[in-house]
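Enquirer: For this one, chain A is given, so just place chain B on it according to the hints.
Number of protein chains: 2
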Amino acid sequence: MQVFDGALLQFLLANKLTELVFQGEFGLEKENLRVDEEGRLALTPHPDELGHKLKNPYITTDFSESQVEMVTPVCGSIEEAYDFLNNLDGIIALALKGEYLWPQSNPPVLPKEEEIPVADFGPEGSEQTAYRKNLAVKYGKKKQLFSGIHYNFSFSEQLLRKLQQKFAPEEPFLEFKNRIYLRVAKNYLQYRWLLIYLTGASPVVHRTFSSDLTGLCRRADSESCYCPRLSSVRNSKYGYKNTEDYLVSYDSIESYIADIQALIDAGKIQDAREFYCPVRLKTGRKAGTLNHLKDEGVRYVELRIFDLNPFAKCGITLDDLYLIHLFIVYSLLKPDFDFTGKRQKIANLNHNLASVAGMHERALIFTVDGRLTSFRREALSVLDELGELVARLGYKKEYLTGIVAAARDKITNPENTYAAKVVKAVKESGYVGFHMQKAREYLALSRAAEAKLLGYEDLELSTQILIKSAIKRGIYFTVLDRKDNFLRLSDGKKTEYVKQATKTSLDTYSTVLVMENKVVTKEILKEHGFRVPRGEVYYSAEDAIKAYDRYRGGGIVVKPKSTNYGLGITIFKTDFSAGEYGQAVEFAFRYDDTVLVEEFVSGKEYRFLVLGGEVAAVIHRVPANVTGDGKKTIRELVAEKNADPRRGRGHKTPLEKISLGETEKNFLAAQGKSFSYIPAPGETVFLRENSNISTGGDSIDYTDLVHESYKEYVKRAVRSIGAVITGVDVIIDDVTKPHSDNCTIIELNFNPAIHMHCFPYKGKKRRIGDKILDLLFGPR
Amino acid sequence: MQVFDGALLQFLLANKLTELVFQGEFGLEKENLRVDEEGRLALTPHPDELGHKLKNPYITTDFSESQVEMVTPVCGSIEEAYDFLNNLDGIIALALKGEYLWPQSNPPVLPKEEEIPVADFGPEGSEQTAYRKNLAVKYGKKKQLFSGIHYNFSFSEQLLRKLQQKFAPEEPFLEFKNRIYLRVAKNYLQYRWLLIYLTGASPVVHRTFSSDLTGLCRRADSESCYCPRLSSVRNSKYGYKNTEDYLVSYDSIESYIADIQALIDAGKIQDAREFYCPVRLKTGRKAGTLNHLKDEGVRYVELRIFDLNPFAKCGITLDDLYLIHLFIVYSLLKPDFDFTGKRQKIANLNHNLASVAGMHERALIFTVDGRLTSFRREALSVLDELGELVARLGYKKEYLTGIVAAARDKITNPENTYAAKVVKAVKESGYVGFHMQKAREYLALSRAAEAKLLGYEDLELSTQILIKSAIKRGIYFTVLDRKDNFLRLSDGKKTEYVKQATKTSLDTYSTVLVMENKVVTKEILKEHGFRVPRGEVYYSAEDAIKAYDRYRGGGIVVKPKSTNYGLGITIFKTDFSAGEYGQAVEFAFRYDDTVLVEEFVSGKEYRFLVLGGEVAAVIHRVPANVTGDGKKTIRELVAEKNADPRRGRGHKTPLEKISLGETEKNFLAAQGKSFSYIPAPGETVFLRENSNISTGGDSIDYTDLVHESYKEYVKRAVRSIGAVITGVDVIIDDVTKPHSDNCTIIELNFNPAIHMHCFPYKGKKRRIGDKILDLLFGPR
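Sequences listed follow chains A and B, in order. Remember, our numbering sits 10 above the position in the first sequence when you count from 1. Remember, our numbering sits 10 above the position in the second sequence when you count from 1.
Don't read these hints as lab results, they were simulated from the structure. All figures in this text were calculated on a predicted structure; none of them were measured in a lab. A few of these clues could be false.
Simulated crosslink set (DSS-like; lysine-lysine; CA at most 25 Å straight-line) [what the hints assert, rightly or not]:
1. B:Lys-493 / B:Lys-667
2. B:Lys-556 / A:Lys-26
3. B:Lys-772 / B:Lys-667
4. A:Lys-437 / A:Lys-153
5. B:Lys-493 / A:Lys-556
6. B:Lys-662 / B:Lys-493
7. A:Lys-504 / B:Lys-725
8. B:Lys-107 / B:Lys-65
9. B:Lys-536 / A:Lys-296
10. A:Lys-721 / A:Lys-772
11. B:Lys-614 / B:Lys-651
12. A:Lys-296 / A:Lys-65
13. A:Lys-536 / B:Lys-296
14. A:Lys-504 / B:Lys-536
15. B:Lys-536 / A:Lys-503
16. A:Lys-247 / A:Lys-431
17. A:Lys-536 / B:Lys-503
18. A:Lys-556 / B:Lys-26
19. A:Lys-278 / A:Lys-251
20. B:Lys-747 / B:Lys-774
21. B:Lys-556 / A:Lys-493
22. B:Lys-406 / A:Lys-556
23. A:Lys-775 / A:Lys-107
24. A:Lys-536 / B:Lys-504
25. B:Lys-556 / A:Lys-172
26. A:Lys-143 / A:Lys-153
27. B:Lys-172 / A:Lys-556
28. A:Lys-772 / A:Lys-462
29. B:Lys-725 / A:Lys-503
30. A:Lys-536 / B:Lys-493
31. B:Lys-247 / B:Lys-434
32. B:Lys-536 / A:Lys-493
33. B:Lys-556 / A:Lys-406
34. A:Lys-725 / B:Lys-504
35. A:Lys-725 / B:Lys-503
36. A:Lys-462 / A:Lys-775
37. A:Lys-355 / A:Lys-278
38. B:Lys-747 / B:Lys-614
39. B:Lys-26 / B:Lys-406
40. B:Lys-641 / B:Lys-651
Okay, chain A solo, but in the shape it has when bound (with noise of 0.2 Å):
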């Protein structure tokens, strides 16, 4: 017999397809179950927070009330699907209150049988939970809180259409593709024993589990049972499978379907979603039924057989989901054959074998047509034909030769194995403890990455955190346009076009347009009774200057009438020259054909973010600044200050790093410092006069700490201009005492940037995103 299919691999060589093959479109699922500080299984409901169950496209339940379901989008890469699993895993790990993602597929500590909560659906979901309910009787409960992941995979429409061309012109598309994945199938499931040993991580049960396991298992403590050659409870007869191992046709997706049919109307199974088979051929529906599959064809291969990875964060490495990608293409280039019954029983039986004995060091398979053999001796020849294949290919070589060299190792090292590794860690730390070490591992790592978003660091924070707020929530999201920061957003209902996450459909166009133009905004205020610095216009250096007569003596600011993150202002807080004055106004018309110079107010700035009219947030920003410790010079202490990990460039982090520009050199200057200057311990060393974040400021909370008659005060004055999502600068004496005529207000800012409020340099972190998203949508 041909190891591959010479026609296929030859034509894919000749013609340059060996990239395109690899190509595709993968999506992931992972079910966690919650549990609390004790890994006990929660009682407690699904989070509000994670939105609804039926309606949230990426978060939501499997069979359990507490077994949380995450669901990529279809996704270009493994890398896309890996990064957006990631980002699901810590989104619900952060949602959760004091509770954590169990990191195995075995279950937690359990409760009674009957204090397990199956998921309830609501009045919308009554299918759902009817269905559930039925399994619960069927297989019990417990059984169905077995947690895994599932890989989904399409190759590209590209490649099958030239496959077509080449092998099948005559046959429908359709039918080809529905051909190609059944081949897949195929020497998938005979051969997917060898993943399932490479992959399995669930040897060792809790006693809370069952006691029916204790056959299995020759070593037990007081907590758990465990087996030194089982690789995986979960894919093994003790495991969540259907009552018997059913056989299908796989000879044409007719046949393929009407024997399901079959064991559904012979009452086996309720529907086709019963039917545990290993893989999946699957439609693009989301509810997708066997009529569908029929009438549309197979879009996607969805297989099954994956354990939580208790050693990886989001329960898979990479380096797997490229090993089980290369599995399928593997799949695709054995040759086709004949499933009968009886290969069809040989592969069932080395899934179990594998699962349950794999790891004996005298360990026998089945080869493809009933010979036993040896495990390992099998297990490295279906590796050196991976290794063969790689070599042929030539697609990431290196890489994929590195994941098979790895998985030899595996074979040959069994304690190498993510099993034995658990195995030894129960040993060490108890089953609980093991795991429950792992979780508030996760949690934490998930905590440091708060502020990003896996695969999407090219946008700004702040369009980040919406998109963050729309996952966990489940509106569904599109970037449009990254460059852009452009979002569609859709609950199924409604559509939403968001910009920089702050330019939205809130507002009308022409209430952005009055916040842009700072002159007609003073005007509106001024007309409404709101106090705003007394100031003029100028639309030629010449005129600005002639004027010089009536500022001097006082303290001005000059700026260009639509300033951008500080651009072009200068700042006398006391008195200036002739001189100094024309050099300010110069500058300023260098961003802009008009000019205002204003009185300067004295007195701290804070920025009230306004959201439908309420103040979500306060913050107070602090120029640029280190302080010092009597040995550092400025420039080193701006070096140490600029290593924090929430400092970065470009609006992608909290906060921006400190420049050593010539805005910075002159400001010190005007101090008597330089860069040089070592500040003494505690002194504190301004390096800009202007206190935004984008020029290395500080942000700092005060949304408690504000005076209710400021939010008050700044309110009507949002509603005057008739903004639902503005920030706004102000001017305030001593925010902790109420109004008086202290406050000042500097311009409202049509696209406020939220990751400021969300991620402050000091104080409390604010949840801007789910804001903008209640107002755009609804509350939840």
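Expert: Same frame as chain A, but now just chain B:
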């Protein structure tokens, strides 16, 4: 007696306040009767298009339904008020259908007394209607039809404050200000006879007006009667006056108010409005009462003696406005005095003498202390004083000296007065003939100036158009930022902010952002099944250039993601070389960091202007072009075409001038032509590829020529984006044939200019300003 108040004059000169004394606020009101083609009083209702009589702050009716009254807002200068009056006059003239504005204070051909329609203010204005019905009974309807101009003026607050500080530091400011205006009123009343003579222009009445006047009229023909020594019937005892000359005290505002109140209490007048004094002391309120005057003091004076000048399009010349202004300043600087009953009677006698007999060779007039003297001598003596004032104050010296000289000429040469000229013209052309000739001439001037709003020519034409519509309909407007074309509009209930005519509150910010981003717009349109050009997005020139093979062989368009006015775009209608393609890509990347390469779609391009779900207008834009005569060069033909007053620069005219720049030169070179090429008779030569109006293209209205099916298609596309105001660029093969799949949407513009639809190069003008207001404020 002193000629001037020496202390005051000295103070002004010493403190360089001579310019400030001329500053202040100006307002004009003008009435015109509407007439039909034959000069008969129009019996039609006040046009709907001019909004609600009670609510329109700019346009209303006076006594009669046929008597349009125009009211300028408070203006900062004479020129501004004059321009605004001209605008109002033009707007109204163009809103009349087959009717004209009667350019004479004396009525046109009148129907029977009972047929003259009294203004009907509807249920909301029943008090207004009742007041007029009482007047009709008391004075007769015909006299109520005299029309004229009111001149409103207030001194600058700054001047009044300075005068108070100097001359009455202890006196409350309000009292001081009242005293100043009373003094101005007294001097004005005392010398008003001179202004009546100089501005009088109503010496002739039509026979249908009255038989009572015949005693006055020395000459008469079958149509009218007139008198060569008569200046103003309207101001004479035959004009519209109280039934007797009521004398009131001018000693203080309290005694002034008390005396008017006594007249009301005695039933002699209905209320203060009916006290027809040649000057009124007014509060700032629209319907100020005597109580308001007491509490708030005088805000401005209203001078009421000015006839419509049939020789000026808007009823008064700029020179006369300056003359009157000078007269007010004169009234301030003449010493204060006790305006006794005797003196008031003398002033009233002089008022009538100037109206009915001023032009007589031996006309007499009373001196202020009651001696009869030569009209001419006394008039020249007052003019001498005015001349002296001009000389001493030095403000606009030459200009005002010229105006005083012109006034002297009218004294010494009465045939140069308006009145004498009217008599002459009526003799030549008849009363109706002369005035209708003027009415027609002025309508033609209004038509010619339709694409202009005087005093606002620095704004974009689209904004000028919107303001015109607002004025017409009575939406109060403020230009908040001229450079930004930023308007505030208010109907009293609702305030709207509008930038550049089409940036409004009607669209949400996110809808605008979708339209602004060509990639996102295309994506959404495509998803909704609309035909858009196929293409790809590139973020680097390198990637775009690599894709050459994908595009070669067909026509393509290379363009920056966010283009304006066709900048950075290259079009290849057929095949192109790798070099040409590379250049086009580099060129586009100069304008944006994202570039689109799209298929070139052939056909004609149309701009559909969609407003509130309806297609308001469609134009076809033709690239800049000239058509030859076999003699002139392209350069000459362009100069000729650019001479059209409709062509200008910077969107301030209906069309833009064609440039002879690099782009045009290269485009011609590609056709083997230069600017010196002489096109054959009838040969049309294009100077650009792109058809934007901003680069000299021609706009041709197609609104009624486009097959309905395209309008439906475009409307549906706009709905899918959710835009309320948008300009949709569409390529269509043949707009007269029903829509099939021959229609491609190129882009949606969130800020479509409206001027090209209102004033197309060819085809019907569309009233887009009105439609935008309908959307913003609801239909009239």
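Enquirer: Now tell me if each hint is right for this structure.
Expert: Each hint tested on the structure:
1. B:Lys-493 / B:Lys-667: Holds. Lys-493 (chain B) to Lys-667 (chain B) sits at ~21 Å (cutoff 25 Å).
2. B:Lys-556 / A:Lys-26: holds (19 Å)
3. B:Lys-772 / B:Lys-667: holds (16 Å)
4. A:Lys-437 / A:Lys-153: Cα-Cα ~24 Å, so holds.
5. B:Lys-493 / A:Lys-556: Distance of about 21 Å is within 25 Å: holds.
6. B:Lys-662 / B:Lys-493: holds (12 Å)
7. A:Lys-504 / B:Lys-725: holds (21 Å)
8. B:Lys-107 / B:Lys-65: holds (22 Å)
9. B:Lys-536 / A:Lys-296: Within the cut-off at roughly 24 Å; holds.
10. A:Lys-721 / A:Lys-772: holds (21 Å)
11. B:Lys-614 / B:Lys-651: holds (23 Å)
12. A:Lys-296 / A:Lys-65: OK: Lys-296 (chain A) and Lys-65 (chain A) at ~11 Å, within 25 Å.
13. A:Lys-536 / B:Lys-296: holds (24 Å)
14. A:Lys-504 / B:Lys-536: Holds, because 19 Å separates the two Cα atoms, which is no more than 25 Å.
15. B:Lys-536 / A:Lys-503: holds (20 Å)
16. A:Lys-247 / A:Lys-431: holds (22 Å)
17. A:Lys-536 / B:Lys-503: Within the cut-off at roughly 20 Å; holds.
18. A:Lys-556 / B:Lys-26: With Cα atoms ~19 Å apart, Lys-556 (chain A) and Lys-26 (chain B) stay inside 25 Å; holds.
19. A:Lys-278 / A:Lys-251: Satisfied, since the Cα-Cα distance of roughly 13 Å is no more than 25 Å.
20. B:Lys-747 / B:Lys-774: holds (21 Å)
21. B:Lys-556 / A:Lys-493: With Cα atoms ~21 Å apart, Lys-556 (chain B) and Lys-493 (chain A) stay inside 25 Å; holds.
22. B:Lys-406 / A:Lys-556: holds (23 Å)
23. A:Lys-775 / A:Lys-107: This hinted pair holds, its Cα atoms lying about 16 Å apart.
24. A:Lys-536 / B:Lys-504: With Cα atoms ~19 Å apart, Lys-536 (chain A) and Lys-504 (chain B) stay inside 25 Å; holds.
25. B:Lys-556 / A:Lys-172: holds (23 Å)
26. A:Lys-143 / A:Lys-153: Holds - the C-alpha atoms of Lys-153 (chain A) and Lys-143 (chain A) are around 13 Å apart, at most 25 Å.
27. B:Lys-172 / A:Lys-556: holds (24 Å)
28. A:Lys-772 / A:Lys-462: Distance of about 18 Å is within 25 Å: holds.
29. B:Lys-725 / A:Lys-503: Distance ~22 Å between Lys-725 (chain B) and Lys-503 (chain A) Cα, so the pair holds.
30. A:Lys-536 / B:Lys-493: Cα-Cα ~21 Å, so holds.
31. B:Lys-247 / B:Lys-434: Holds: Lys-247 (chain B) and Lys-434 (chain B) sit about 23 Å apart, inside 25 Å.
32. B:Lys-536 / A:Lys-493: It holds: about 21 Å lies between the C-alpha atoms, which stays within 25 Å.
33. B:Lys-556 / A:Lys-406: Answer holds: Lys-556 (chain B) to Lys-406 (chain A) is near 23 Å, not above 25 Å.
34. A:Lys-725 / B:Lys-504: Given pair Lys-725 (chain A), Lys-504 (chain B) holds - Cα atoms ~20 Å apart, limit 25 Å.
35. A:Lys-725 / B:Lys-503: holds (22 Å)
36. A:Lys-462 / A:Lys-775: With Cα atoms ~15 Å apart, Lys-462 (chain A) and Lys-775 (chain A) stay inside 25 Å; holds.
37. A:Lys-355 / A:Lys-278: holds (19 Å)
38. B:Lys-747 / B:Lys-614: Holds. Lys-747 (chain B) to Lys-614 (chain B) sits at ~13 Å (cutoff 25 Å).
39. B:Lys-26 / B:Lys-406: holds (14 Å)
40. B:Lys-641 / B:Lys-651: Within the cut-off at roughly 15 Å; holds.
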